[in-house]
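Just so you know, the protein sequences line up as chains A and B, in that order. Count along the first sequence starting at 1, add 67, and that's the number in the numbering used here. Count along the second sequence starting at 1, add 302, and that's the number in the numbering used here.
Treat the hints as calculated values from the structure; they're not laboratory data. Heads up, some of the hints might be wrong.
Here are the simulated lysine to aspartate or glutamate pairs, DMTMM-like style, with alpha carbons at most 25 Å apart [to be verified]: (1) A:K78 <-> A:E150; (2) B:K363 <-> A:E123; (3) B:K351 <-> A:E95; (4) A:K81 <-> A:D130; (5) B:K363 <-> B:D310; (6) B:K351 <-> A:E123; (7) A:K78 <-> A:E135; (8) A:K78 <-> B:E390; (9) B:K370 <-> A:E95; (10) B:K363 <-> B:E322; (11) B:K351 <-> B:D310; (12) B:K351 <-> A:E111; (13) B:K363 <-> B:D387; (14) B:K351 <-> A:E168; (15) A:K124 <-> A:D91; (16) A:K124 <-> A:E168.
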Amino acid sequence: DTGVSQDPRHKITKRGQNVTFRCDPISEHNRLYWYRQTLGQGPEFLTYFQNEAQLEKSRLLSDRFSAERPKGSFSTLEIQRTEQGDSAMYLCASSLGQGAEAFFGQGTRLTVV
Amino acid sequence: AQSVTQPDIHITVSEGASLELRCNYSYGATPYLFWYVQSPGQGLQLLLKYFSGDTLVQGIKGFEAEFKRSQSSFNLRKPSVHWSDAAEYFCAVGVPSSNTGKLIFGQGTTLQVKP
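Here chain B stands alone, though its shape is the one from the complex (with noise of 0.2 Å):
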């Protein structure tokens, strides 16, 4: 069965700091990737995704993400943190092979940003 692993629950870092969120998926083959941001009180909203090609990818807010099928990993970086970035942020993968478009969550990574 295909699960998505976020090895760290909480990070914080200082404003400005460069940032690094770690996911790891299991699944047989090249999946869907995702990355997803949650504040407090709304819904998810799409950082980026992946489905084929160039293995970095950019997305909203100067987030990016690299795939790395050796490694089962699809983390997301940022140079340079903002306040705001402070929220809930959640890998997802989704499985080509369904045509369903269900997506498997990661059970997040919690970003604290220090003035």
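Isolated chain A, as found in the complex (with noise of 0.2 Å):
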């Protein structure tokens, strides 16, 4: 197992268009989540499915956002009529349950210009 990945790891976009990220968490992890990252911060939540429910949606994620995980498995994360607000890091982490270990993708780093 290569750990969690996301694609793509770079992504330009001119202000007004939506784009789409994914991630591929370990394998037998049932939690995944996203978070966002700026420039000189911590990452902040975003979402957090278990298996294929969203279970929890910070107030960051305004209604441009929406996130999947079909199935359980792999998840998107797409922003509609992007803004520049919206350049940042977006990171993947998964893991087995309540206290363990997150495991944390590279991330998409995600600029609007």
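Build the complex from these two chains, which are given one at a time in their own frames, with help from the hints.
Rendered as structure tokens:
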């Protein structure tokens, strides 16, 4: 197993365009998380899946953001009508359960121009 | 609401010197506590964690951290820093009463190591 993988690693998009990121967690992990990290800040929680169910969403996740995890495997995070303020690193993490170590992917760096 | 404060945004130490990175948290009870390290272009790697029990926790790469309930602190230490330790370090808390396992991170401390 190669760990948590995220695709793409970098994305440059024009304001107003839609973007979609993918996360492939460690295969046996039932929990999946999305975080956003802006320059000089720590990661901020966006949303959490247990298997295919999205069980918590942060207030940071506006209605332009949507995340899915069909079949409880990979997950996608879509941002519609991107804004410059969406520029950030989007990190995905997965774990086996409450208290278990969360393994992070290398992230997708989004730049909105 | 839970929060994490890392008072030092940037620290520079000489190679071979000791290191202490500070972390203070705000939470009504004892949270789960973590230290992660992030190298440029890399994801976060867990150094160590504290849930309960012995307040001195050993981690990977020679790091240790001590939980002090009276000070709401979880400071990270290393007796002798190596040049490869240069990276960004994040303290994080998890809320035991929450079933999500989500983490709340501090803003990070950037460690620079002088030869």
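Inset, instruction - Could you work out which earlier hints the structure fails to respect and list their numbers in ascending sequence? - result: Violated hints: 2 and 9; rest satisfied.
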